[in-house]
Amino acid sequence: MAAYLIRRLIQSALILLGVSFITFFLLFVLPADPVRQIAGRSATAETVENIRQQLGLDKPFIVQYGRYLGALLQGDMGRSYLQKTEVADLILSRLPATLLLMLGAIVCELLLGLTMGIVAALWRGRALDQTLMVTSFVTVSAPQFVVSLLLLYVFAVKLGWFPIGGYGTFAHLVLPAVTLGILGSGWYSRMMRSSMIDVLRADYIRTARAKGLTRARIVLRHALPNAILPVIAMIGIDIGIFMGGIVVVESVFGWPGIGQLAWQAIQRVDIPIIMGVTLVSAFAIVLGNLLADLIAPLIDPRIRLR
Amino acid sequence: QDYTPDPAAKPGGSITVTYKDDVATLDPAIGYDWQNWSMIKSLFDGLMDYVPGTTTLRPGLAESYEISEDGLTYTFRLRAGVKFHNGREMTAEDVKYSLDRVTNPETQSPGAGFFSAIAGFENAGPGGLSGVEVVDPLTVKITLSRPDATFLHVMALNFASVVPKEAVDEAGADFGKKPVGTGAFKLAEWTLGQRLVFEKNADYWRPGVPFLDSVVFEVGQEPVVALLRLQNGEVDVPGDGIPPAKFTEVMGDPAQAARVVVGGQLHTGYITLNVTIPPFDKLEVRKAVNMAINKDRIVQIINGRAVPATQPLPPSMPGYTEGYAGYPYDPEGAKALLAEAGLADGFETELYVMNTDPNPRIAQAIQQDLAAIGIKANIQNLAQANVIEAGGAGTAPMIWSGGMAWIADFPDPSNFYGPILGCAGAVDGGWNWSKFCDPVLDAKAAEADSMADPAKAEERLKLWSDVYMGVMEQAPWVPVFNEERYTIKSERMGGEDALYVDPVSIPVNYDYVWVKE
Amino acid sequence: MTDPSVVDVPPQGALARLLRRKLALFGLAIIVLVVAGAVFAPWIAPFDPNDQMFDGLTLEGAPMPPDGKFLMGTDLLGRDLLSRLLYGAQTSLVIGVVANGLALVIGTLVGITAGFFRGWIGGVLMRFTDLMMAFPALLLAICLAAIFRPSLWIVAMVIALVNWVQTARVIYTETSSLATRDFIAAERTLGASTPRILFRHILPHLLPTIIVWGTLGISTTVLLEATLSFLGIGVQPPTPSWGNIIFENQTYFQAAPWLVFIPGAAIILLALAFNLVGDALRDVLDPTQRGRD
Amino acid sequence: MTLAEALPASGAAPAPETVLRVEGLCVSARTEQGLKPLVQDLSFDLRKGETLAIAGESGSGKSITSLAIMGLLPQPAVRVTGGSIRFGQQDLTALSEPALRQVRGDRIAMIFQEPMTSLNPVMTVGAQLSEAIRAHAPVGRTEARRRAIEALRAVRLSEPERRMGQYPHELSGGMRQRVMIAMALALRPEVLIADEPTTALDVTVQREVLDLLRDLQARLGTAIILITHDMGVVAEMANRVIVMQQGRQVETASTEDIFGRPQAAYTQALLAAVPRLGRGSARAPVTGEPIARLSDVVVRYPLRGGLLGRITHNVHAVEHVSFDIRKGETFALVGESGCGKSTIAKALVGLAPHQGQIEIGGQAMQGLDPAGLKAMRRRVQMVFQDPMAALNPRMKVGELIAEPLVIHDIGDAASQRARAADLMARVGLEASHLDRYPHEFSGGQRQRICIARALALQPDLIIADESVSALDVSVQARVLDLLRALQSELGMSYLFISHDMAVVDNISDRVAVMFLGQIVEMGTRAQIFGNPQHPYTRRLIEAVPIPDPRLKRLSRPRDASEVPSPVHRPGHEPARVILRDIGDGHLVGTSAG
Ligand SMILES: Nc1ncnc2c1ncn2[C@@H]1O[C@H](COP(=O)(O)OP(=O)(O)OP(=O)(O)O)[C@@H](O)[C@H]1O
Ligand SMILES: Nc1ncnc2c1ncn2[C@@H]1O[C@H](COP(=O)(O)OP(=O)(O)OP(=O)(O)O)[C@@H](O)[C@H]1O
Ligand SMILES: [Mg+2]
Ligand SMILES: [Mg+2]
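Residue numbers (this note's numbering), protein chains in the order written: chain A, 2 to 307; chain B, 8 to 524; chain C, 71 to 363; chain D, 2 to 594.
This is chain A alone, in the form it adopts within the complex (with noise of 0.2 Å):
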């Protein structure tokens, strides 16, 4: 086990490192120079070679991105070229929102998805499985920001049963987060549909219904748990997908969430903070992914780490 964390956590390690090669050469290449937007409008050239200089942007590519690493070894995020502040700090400062954010989302991704999924699955065929699973392919396919807006206007603004947007309390989280939960909840509830669909059919199953066990405890404790492993897969993969996603809905709520900040950074080239935030989203994925592997052998004991 321990043996496992370790090796697991030098792949993450090194999968890190090839992200921020990759991230750093295709900001690299990318047409567009920050020093003249550092510079301003009324700079002369020699003050933007003077500041292309002062930021090691003049040399060779392997050099930038060597002392780019050292730097990140020692902590050191750099400084945002155009907000002058640490990257370290404008993330700190904003990655608690978005974690509580995400986990907020997740659960209600959650919730729902795999309440449909399971509810579908168990009334296979019949006009509420279908309807569920067009209203999984409408969350699919809302807009974020219409949903986001929709719902803000109708649950904050005309119901006012929750603050328009900001942040702080419980009841500045449940919007953003059921919106999130609403819009990823599709792809959960048609994967535990036809995983719960397949967990029905299974012996164990007749089993329970032989031992003259309730409905509700075959599907929750029986069916359940072993219908659910595919779809703990998923988390890993859907932190990804919500990395994508959130900055819609962070601009919305105003959520002061790392989002929002990577939006900025991608239109304005703010190369440390594209660096740093996608070193902290490709974490977070990593992360995602080696808890999913490990929480899905606490659930099926049949999954030996190895």
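The set of hints was computed from the structure by calculation and includes no laboratory data.
Watch out, some of these pointers could steer you wrong.
Listed below are the simulated SDA-like cross-link pairs for lysine to any residue, each with C-alpha atoms no more than 20 Å apart in a straight line [stated by the list, open to error]: (1) A:Lys85 - B:Glu196; (2) A:Lys60 - A:Leu70; (3) B:Lys383 - C:Asp118; (4) C:Lys92 - A:Gln131; (5) A:Lys85 - B:Arg202; (6) B:Lys172 - B:Tyr104; (7) B:Lys184 - A:Asp90; (8) A:Lys85 - B:Ala178; (9) B:Lys172 - B:Pro112; (10) B:Lys184 - B:Thr198; (11) A:Lys85 - B:Thr198; (12) B:Lys184 - A:Lys60; (13) B:Lys184 - B:Leu194; (14) B:Lys184 - A:Leu93; (15) D:Lys375 - D:Leu352; (16) A:Lys85 - B:Arg213; (17) D:Lys375 - C:Ala255; (18) A:Lys85 - B:Lys17; (19) B:Lys90 - B:Asp220; (20) A:Lys85 - A:Leu101; (21) D:Lys397 - C:Ala255; (22) B:Lys90 - B:Glu177; (23) B:Lys90 - B:Asp176; (24) B:Lys185 - A:Gly79; (25) B:Lys17 - B:Arg213; (26) D:Lys397 - C:Asp118.
Guided by the hints, dock chains B, C and D with the ligands onto chain A, whose structure is given.
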């Protein structure tokens, strides 16, 4: 006093302002976007200032100033007893330090270029500017290497704000996060990515202001949501204005429309035509494009929030040429011109545009107008950084300036020329995206800028007017419209309307607005 | 000696069986409708999709709601929405079907190979997949598209290149369990070549998964294209696509709901239609489902 | 109809109390063609303390009957369409689901055919047991746990306390089946339905389970419905027998009568098909060339672990095995589950990495290039244990049979199809069924399809890995006949792998007995069955149930010990078995010191 605040104004209260984007930095030497511009203005003061709600200069930290006969020496007499937020009194040393700092290349100030007229600018560095001298603790003498008529405006720029050395040294690179100035407000709280709180500077040297106890800036808020919150009474001023999607709704509701303040601003939206890329190297073609654009339609698309432009300068800018009608909307004439240039069948080109609403829409309207005279313009709808890159590198044949457009740094006609129409900006990486360079006009501009004598102001403006007319003749730009500001405020906001469309303090002049209770 | 349990099902073509299913037929009809709309757009569209009509905007510059002239209303530039939707179907079909299909193919190939070859090939492929998964797709898309010149086909390729990852993961897991099944071992003892085992024997069993991911992917890729074009790397305006019609107008969902909900419904309907057909196809193509249901 | 005569006979016995009465039961399935009857007009009584066996070929409706009693029919496709099931005062067919739930597990319990999959893999044994108890008895956790341990002890599972915390996959098949029995009996039900409780188990384990059932019945007085197609099991366990065919009851009688005086023709055929020990036809010893030769073959599966993925353990699946198979011979490999039989088969077809030498037709297998391997595979073909699993369910039978021809590029499409049709006919299937899919055939038919496929390349050696174990007796007999016929016709050799001693006795020329990866005894059929020397061989033979009710065997002391493990640390090897020739090539193993 040069300005009488609203007699009904009451001190106290707090307002909430929202923004979508994070506040970049509050370091006056570095902050250079319209969002932190007004915030820095309230935290810091320069030697010069503007009368609230106008473009009229007034003394700031300088009590008075003298300009030498030749216009090369400015002697500023500082106000006594002005205190920084850290409690120390401001002296002439601080003024020199601040100017040295902003011009030191290590500071990487995007505004350093504004000070190029100060003697010793070329050698600015850790040693400081030779042209700035401390005469006595309350007197600073600034020597210019050439006359600069805009110099007093330059001294009113945020970049010329006075900062205390010890605070800068202490904060180091983080001064932008821990600003210390002499302004009406001081920074009380900054939660990255969430909110900033400005708190009244009780020791402010201008008596009676500010009125507000505090200003809360909430960042990361979608403009549409900000407006919803305003309607719900949670926000006082949405910093990003009224989003296009809500504009008709707001203006259609008398109650809300009554709270909208409209004003002009020193802004021109234009299309640059790269004179080095064929066929825009032909004057006829550039003129044809100028005649092809239906500006009224474009104004309609942005819900009439602008007036069609005829020339680079906006109407409220001194030096604006009254009575000049610009190129008429005349597709037939444009076609004829194209034919003259040997391009009767039109041609294909590219139009770069920044990707935020409404710019892509405006670009499409432009595209349609061009198509009408046979020009097929493919739109390159890109992120700001990419457009700026293409513009600087001179690879973009046409750029719609929206979103990155020129809002004047100070209300002087020269501000629309140098970097964006002059030869200095026409280099690789420069901001003159037309790559237009006319030495004759450049010489005229230089001449105008050296007419520092206030007595010659009229003459100088005439000269500038000529320069811009010269530009129009060569047609490197298509001036499309001059945007107007529509600021919506909450019911409780007080203060005259001009404060809400203050040309140099967007969205509002925090120092003078107040709240009714 | 016939076994009594053998049910005699009259052999029928897959198509005939497909056509017997009402839902599948409904889905097929929608797909045909959309394809026809896209192909015949120049003939059916009431207006030029790029024509910013003078009477398409109110005097205040607001778009027109659906009426007798503009059946689905106009957009913010006064263009006819119906015409734009018809032309936009061309783009969206390419993205939703071609790009998404390509992603599916890449993902399936990677997943199937990695799942089948447990050794270093599988290891390398899966580590690469992990890396890609950890990599922000949007950034990759931006860079790829900035390096190439944006065009519909480049965008389709970019989407394919960033979207295959999840499919690869899922297919990988399934393949590795399929690879241990007896009939695969049987096939090996017959001397079957690896490609034959992979494509003739394993691939058909992956069909249900591929269909689920493929159909769910339609709407997400169509929307992704809109995000990309917003960043300047999708199809460029004024070329319409369903995704970018929504994207351009999403803030107007109150002021001009037709600009958001009509194309939104179109995307959902198309994805749903493919799903209905896919589901039916899966059942029809799965011989073990014959006679059951 | 035999029913009329049978019923009075059973009714005449001095009936103790009847616990379950099935009257005119009909079960039908809804299909595209309308209702298809699965069970028709079935009637029987079950009395307290008796064991009623339901026998019959696969698909005759045995399982459906038991599911109908439990109320577990796969609704809505399959449902009861007539008759009644009286249990005490209640008609089970009319009960609501909640009411049925009260009965299930508590008063009628069931053990299923497949112990490997009938337990929930993600719940501990203890949890599954306690849950069953608490579902019907209002007891607390600790009490449920106590009773569960008691039940495990009752089924003589070693270390019951430890087992409570284990997961099903940590137990062997026999142990799992005991857990199932413990679960079924924990609540002391009046009726226990055991659906093929031992079919999937080794003979030795089967023996233990059967003994256990009998003991428990004697102690608790439970009435048992025992479903099986193994007439040996019937003979040993049942008081009365119902024989079913195609959903109908063809004969009902006491066990003695069924075996002594079978009335229905079907029953007679069924009994005739039962393989019996010592009934194998003697054949002349085969003295042909060796077609396959294994010398000192070792197969080990490394188990990796640790940071660097080093080998921490090895599964010693096959240890130093040597034998050869002669041309035209049937060589049998017997032994318990997990002893390495399949691994040898896999090594022979190149699916398992091995050390030592394997020669096919004089050519060594090691170091062959892919082309050579492909060529060699033409000479050795394999028929798998589970025909359903070994046939790609998405391919038509015609394609499946022609598959080897396609792979080896023999002939064109038309001739391949013709050959497939020919092979179908040869294994006794209709050529017209070429376009059907595997699931449309019965198990026996599927196994024939596998054989046809193996024959397509006219191999020298066919490996039949438990090829008939899953089939019911009559079908099994037919398949065995087919194998024999093909051998005499085509002169090919078989490596016949089985754990069923009776079958092996019927078909093989020579036999090797394996235990924990090593051969412990090897010789001709006569030598092994006539003069078994190794204690393990004897135990295997003794464990075989004898299909004769008069030969009731005495209960032996049972051992609940676990099979020793083939897993060792690197560097450690199991003690090697040395084979000694005790005359005429009869090799008997003794463990080297
Ligand atoms: N869900 C179902 N739908 C339709 N037919 C079914 C279903 N389940 C079983 N059958 C059919 O019912 C018949 C009887 O099946 P059953 O399982 O009772 O046979 P069995 O006697 O138990 O055979 P085996 O010895 O193979 O277990 C078979 O022909 C089978 O094909
Ligand atoms: N791929 C593998 N990796 C590790 N161990 C394996 C593998 N395959 C088989 N084994 C182990 O090798 C041993 C021999 O297995 P094998 O399948 O040959 O047994 P068998 O005699 O055929 O049993 P059965 O009668 O159950 O089919 C078993 O302990 C098994 O767990
Ligand atoms: Mg059965
Ligand atoms: Mg085996």
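Here is how each hint holds up against the structure:
{"no.": "1", "hint": "A:Lys85 - B:Glu196", "in the structure": "18 Å, holds"}
{"no.": "2", "hint": "A:Lys60 - A:Leu70", "in the structure": "15 Å, holds"}
{"no.": "3", "hint": "B:Lys383 - C:Asp118", "in the structure": "16 Å, holds"}
{"no.": "4", "hint": "C:Lys92 - A:Gln131", "in the structure": "13 Å, holds"}
{"no.": "5", "hint": "A:Lys85 - B:Arg202", "in the structure": "17 Å, holds"}
{"no.": "6", "hint": "B:Lys172 - B:Tyr104", "in the structure": "7 Å, holds"}
{"no.": "7", "hint": "B:Lys184 - A:Asp90", "in the structure": "11 Å, holds"}
{"no.": "8", "hint": "A:Lys85 - B:Ala178", "in the structure": "12 Å, holds"}
{"no.": "9", "hint": "B:Lys172 - B:Pro112", "in the structure": "17 Å, holds"}
{"no.": "10", "hint": "B:Lys184 - B:Thr198", "in the structure": "10 Å, holds"}
{"no.": "11", "hint": "A:Lys85 - B:Thr198", "in the structure": "15 Å, holds"}
{"no.": "12", "hint": "B:Lys184 - A:Lys60", "in the structure": "29 Å, violated"}
{"no.": "13", "hint": "B:Lys184 - B:Leu194", "in the structure": "9 Å, holds"}
{"no.": "14", "hint": "B:Lys184 - A:Leu93", "in the structure": "15 Å, holds"}
{"no.": "15", "hint": "D:Lys375 - D:Leu352", "in the structure": "12 Å, holds"}
{"no.": "16", "hint": "A:Lys85 - B:Arg213", "in the structure": "31 Å, violated"}
{"no.": "17", "hint": "D:Lys375 - C:Ala255", "in the structure": "14 Å, holds"}
{"no.": "18", "hint": "A:Lys85 - B:Lys17", "in the structure": "37 Å, violated"}
{"no.": "19", "hint": "B:Lys90 - B:Asp220", "in the structure": "18 Å, holds"}
{"no.": "20", "hint": "A:Lys85 - A:Leu101", "in the structure": "27 Å, violated"}
{"no.": "21", "hint": "D:Lys397 - C:Ala255", "in the structure": "18 Å, holds"}
{"no.": "22", "hint": "B:Lys90 - B:Glu177", "in the structure": "18 Å, holds"}
{"no.": "23", "hint": "B:Lys90 - B:Asp176", "in the structure": "18 Å, holds"}
{"no.": "24", "hint": "B:Lys185 - A:Gly79", "in the structure": "19 Å, holds"}
{"no.": "25", "hint": "B:Lys17 - B:Arg213", "in the structure": "16 Å, holds"}
{"no.": "26", "hint": "D:Lys397 - C:Asp118", "in the structure": "53 Å, violated"}
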